[in-house]
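Sequences and hints are given; from them, build the entire structure.
Chains as they are written, first to last, in numbering that gives the first Met the number 0: chain A, 0 to 442; chain B, 0 to 442.
One should not assume that every hint holds.
A pair holds if it fits inside one copy or across any two, identical chains being indistinguishable in the list.
What the hints assert, rightly or not - Mimicking BS3-like on lysine-lysine, the simulated pairs with C-alpha atoms at most 30 Å apart in a straight line are:
1. Lys418 / Lys9
2. Lys383 / Lys370
3. Lys370 / Lys249
4. Lys70 / Lys393
5. Lys73 / Lys9
6. Lys383 / Lys314
7. Lys73 / Lys62
8. Lys385 / Lys314
9. Lys386 / Lys249
10. Lys191 / Lys9
11. Lys385 / Lys411
12. Lys62 / Lys370
Hint data in this document are derived by calculation from the structure and do not stem from the laboratory.
Protein chains: 2
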Amino acid sequence: MSEIKPRLFKGTRDFLPEMMIRKQYMIDRLRVIFERYGFEPVETPAMEFYEILVGKYGGESEKLIYPLAYKGGKTLALRYDLTVPLARLVAMHPELPMPFKRYQIQPVWRADSPQLRQGRFREFVQCDVDTVGTASVLADAEIIGMIDTCLVELGVERFVNRINNRKILYAIASHLSLGEEEGTAIIRAMDKRDKVGVEGVQKELGESGFDDRVTDVVTGIMEIDGSDSERIGRLLDILEGDEAAREGAKEVETILGALADQGVDEARYEFDPALARGLDYYTGPIFEAALPGQPHIGSLCGGGRYDGLIGRYAKRDIPATGTTIGLDRILAAMEQLNLLPGGRTKVDALVCLFDEASADVTQGTAALLRKAGLNVDTYFEPAKLKKQFSYADKRGIPVVIVVGPDETSEGKATVKEMKTGEQQTVPRESLAETVRKLTTRGE
Amino acid sequence: MSEIKPRLFKGTRDFLPEMMIRKQYMIDRLRVIFERYGFEPVETPAMEFYEILVGKYGGESEKLIYPLAYKGGKTLALRYDLTVPLARLVAMHPELPMPFKRYQIQPVWRADSPQLRQGRFREFVQCDVDTVGTASVLADAEIIGMIDTCLVELGVERFVNRINNRKILYAIASHLSLGEEEGTAIIRAMDKRDKVGVEGVQKELGESGFDDRVTDVVTGIMEIDGSDSERIGRLLDILEGDEAAREGAKEVETILGALADQGVDEARYEFDPALARGLDYYTGPIFEAALPGQPHIGSLCGGGRYDGLIGRYAKRDIPATGTTIGLDRILAAMEQLNLLPGGRTKVDALVCLFDEASADVTQGTAALLRKAGLNVDTYFEPAKLKKQFSYADKRGIPVVIVVGPDETSEGKATVKEMKTGEQQTVPRESLAETVRKLTTRGE
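Next comes the structure, spelled out in structure tokens:
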């Protein structure tokens with residue numbers, strides 16, 4: 000026992016109260032909004048059967064998985080996302096009314112090398128919101144509108160939600176009479192635009208052996224600007240009315256229209272025909288919200304339609320669309336924009352223990368304030384008041400209360416505001432009100 | 000892929016919306032109370048180093064642990080409780096102000112045979128509240144008082160919180176001049192009293208080879224009744240003023256006094272000198288809340304002081320006391336007492352899609368109601384209203400809203416209450432208010 004060093008596995012974290020209060024604040028606000036949009040909470044177990052987890056991407060996902068040392072190691076593993084568990088749950092519950100709208104906020108585990116990828120952890124909380132069982136892109140528009148409400152209500156207002164459609168991206172290859180593999184290579188190159196710029200994408204296309212005809216089309220798409228409707232027009236010009244592109248553009252128009260109908264500020268969303276969203280399993284509309292000019296924070300949320308995936312587990316056709324909200328990144332953005340509630344504690348006041356004999360007064364005073372809905376701590380051991388004040392200070396508790404023999408006999412209490420050092424002695428009856436006025440939380 | 004059967008590992012569960020809404024309701028209410036008592040949230044990673052997890056009880060705990068298939072299997076494992084992670088966290092953070100008061104609500108994993116122990120799962124959420132760093136039993140009294148508030152505020156009022164002290168139990172053996180091993184055997188036998196009765200305990204003591212002198216003392220303690228102060232008097236009579244028993248009884252008196260000072264109803268707590276709380280690591284006051292006459296539900300919460308454990312990880316003396324709240328059992332008790340919020344959904348209303356051309360009206364109406372704070376769902380695909388109403392019915396949504404061309408031209412909406420089938424057409428301006436009146440949540 001004596002040789003065991005207390006330590007954490009690299010890539011995992013403790014959340015101490017100060018961080019946890021902030022994280023919980025954000026999650027509580029988000030939950031209210033998800034529910035306002037008709038999404039309902041779901042939770043699934045941490046451990047799933049290995050074959051189910053690996054089913055989605057096959058070999059690709061094996062590298063990401065933490066298997067349990069159970070029956071040879073390829074029987075059970077920790078989930079690495081919330082999409083496979085959703086697909087498994089939907090397949091097991093054919094009685095669920097469709098569309099099934101769920102949100103899920105739970106940790107996932109990735110067998111990554113955390114030091115290699117800055118800001119990536121081996122355990123992190125994922126927050127997914129999905130609508131399963133409808134092909135209507137109004138469901139996509141609802142999720143994009145909900146993301147807008149989430150970010151605005153958290154105070155992150157200077158973001159832009161870029162919207163595109165995989166059908167448009169796939170149309171580039173088919174328009175150029177190229178195959179699927181080349182189409183993927185083009186999307187992979189375009190996906191790097193935010194990091195390497197238009198020239199970087201052109202360079203990668205050249206290095207991949209594409210000719211000028213390809214580079215010209217891709218460059219044209221990346222450089223499209225103007226209003227959303229102008230962009231759509233120019234895109235269709237470039238792709239010369241390709242049928243898939245036309246269908247993708249029409250879906251984008253429906254989404255843009257629905258966002259306007261919802262009253263979303265048009266400064267916060269735009270059609271970006273070059274948005275690619277990595278090499279994920281998307282099949283239709285895709286979107287990504289980020290802070291312009293803050294590439295180090297990365298995207299705050301992203302998502303899109305993935306009609307092929309859920310149905311594979313249920314062996315029937317189940318279209319789906321959804322988003323993953325990057326809690327760690329939103330927290331970082333909120334921290335940077337100074338949007339998180341101040342204070343290291345949620346405790347409003349510490350009731351001091353005047354002396355060993357006055358424990359009854361301390362207990363009674365704390366009970367009175369707690370019944371009034373205040374968050375109250377008591378000191379347990381007889382100690383100099385200075386020591387008790389210092390404890391309040393270390394914890395960031397804004398108010399301390401002392402009820403000595405004089406106060407007790409007069410039915411009063413002395414209240415000290417830690418920030419200013421100001422003291423006042425008030426009747427017991429108005430103690431709760433006095434504390435409430437001195438604490439931010441009570442406002 | 001096609002051969003993979005969607006299924007869950009036995010002993011793990013999905014929480015579908017209906018159950019999840021209830022669980023979340025309970026957790027949200029508890030969190031508010033924990034914070035009112037000055038406890039602050041903490042979270043720790045699911046995976047800890049194997050040697051740290053096994054450190055506490057040694058070999059005993061190995062059977063409970065799920066190791067990861069990582070570097071041979073004895074490197075990392077899933078936590079099986081929240082106490083070892085607390086001890087590890089405190090050891091790693093000597094800067095934390097003491098006492099450190101934390102609550103933690105996270106899943107734990109037990110490599111049990113779930114079918115062997117009714118109602119036990121391999122993954123379940125544990126809810127721990129602990130005060131670390133004070134030897135004062137006022138901290139124990141605070142936790143017992145908090146448990147009382149939790150259960151009362153959740154509506155579970157007919158429980159009794161039994162209180163004892165391990166010092167009293169250990170005094171039985173020392174009073175009878177028996178060794179530690181025999182003391183443990185006596186506690187083990189007494190622990191079964193609720194299941195096998197006084198006679199069952201006597202039988203076990205006889206079978207373990209104890210003589211009548213032991214059985215008489217133990218029986219005397221188990222049969223003590225009267226008021227709490229009478230019980231304490233009789234206990235000290237039986238143990239003939241044993242010093243450890245006297246100390247334990249004095250601590251119990253302090254706790255009972257503090258509970259009275261806090262205003263806790265004395266019908267809901269009592270001193271029970273035979274309460275044993277298993278063979279856990281307790282060193283001082285122990286307590287356990289249960290519904291009298293409902294042994295099938297088991298104890299709702301239990302806990303006590305464990306001064307030896309936390310310090311072992313930090314290599315310094317760190318007294319601690321705390322409780323584990325049985326969320327599954329409280330949920331079962333609330334279900335049985337009909338205390339859980341009704342309804343399968345938190346959605347207040349479904350805005351129907353009158354026809355394909357009226358998506359703009361649906362989107363706008365939903366946005367209006369959501370801005371008013373209502374939880375609103377929209378229908379995405381053009382379908383007969385009957386089908387849309389049936390969807391609302393299946394999800395348990397209490398209100399449906401239809402805005403057809405007539406309503407649109409008049410600036411109105413038709414509202415139908417699903418339960419009664421009653422319909423009314425109201426101006427757009429009073430739509431939110433009408434829906435709010437028809438839904439329980441809006442009250």
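So, going through the hints one by one against the coordinates:
1. Taking the shortest alpha-carbon separations for Lys418 and Lys9, neither the intra-copy value of 38 Å nor the inter-copy value of 54 Å comes in at or below 30 Å.
2. Taking the shortest alpha-carbon separations for Lys383 and Lys370, only the intra-copy value of 28 Å comes in at or below 30 Å, while the best inter-copy value is 52 Å.
3. Only between protomers do Lys370 and Lys249 lie at most 30 Å apart by alpha-carbon distance; the minimum there is 28 Å, versus 58 Å within a single protomer.
4. When the C-alpha separation of Lys70 and Lys393 is checked against a cutoff of 30 Å, the pair qualifies neither within a copy, at 49 Å, nor between copies, at 41 Å.
5. In the homo-oligomer, the alpha carbons of Lys73 and Lys9 lie at most 30 Å apart both inside one protomer (24 Å) and across protomers (16 Å), since each shortest distance falls under that limit.
6. Taking the closest pair of Cα atoms, Lys383 and Lys314 come within 30 Å of each other only across two copies (27 Å); inside a single copy the shortest separation is 70 Å, beyond that limit.
7. In this assembly of identical chains, Lys73 and Lys62 lie within 30 Å of each other by CA distance both inside one copy and across copies; the values are 13 Å within and 20 Å between.
8. In this homomeric assembly, Lys385 and Lys314 come within 30 Å of each other (Cα to Cα) only across copies, at 28 Å, whereas the closest approach inside a single copy is 69 Å.
9. Taking CA atoms no more than 30 Å apart as the test, Lys386 paired with Lys249 passes between copies only; the shortest distance there is 27 Å, against 69 Å inside one copy.
10. Taking the shortest alpha-carbon separations for Lys191 and Lys9, only the intra-copy value of 29 Å comes in at or below 30 Å, while the best inter-copy value is 44 Å.
11. With identical chains, the CA atoms of Lys385 and Lys411 are at most 30 Å apart within one copy only, with a shortest distance of 21 Å there and 66 Å across copies.
12. Taking the shortest alpha-carbon separations for Lys62 and Lys370, neither the intra-copy value of 53 Å nor the inter-copy value of 44 Å comes in at or below 30 Å.
This entry does not satisfy hints 1, 4, 12, going by the numbered hints stated previously.
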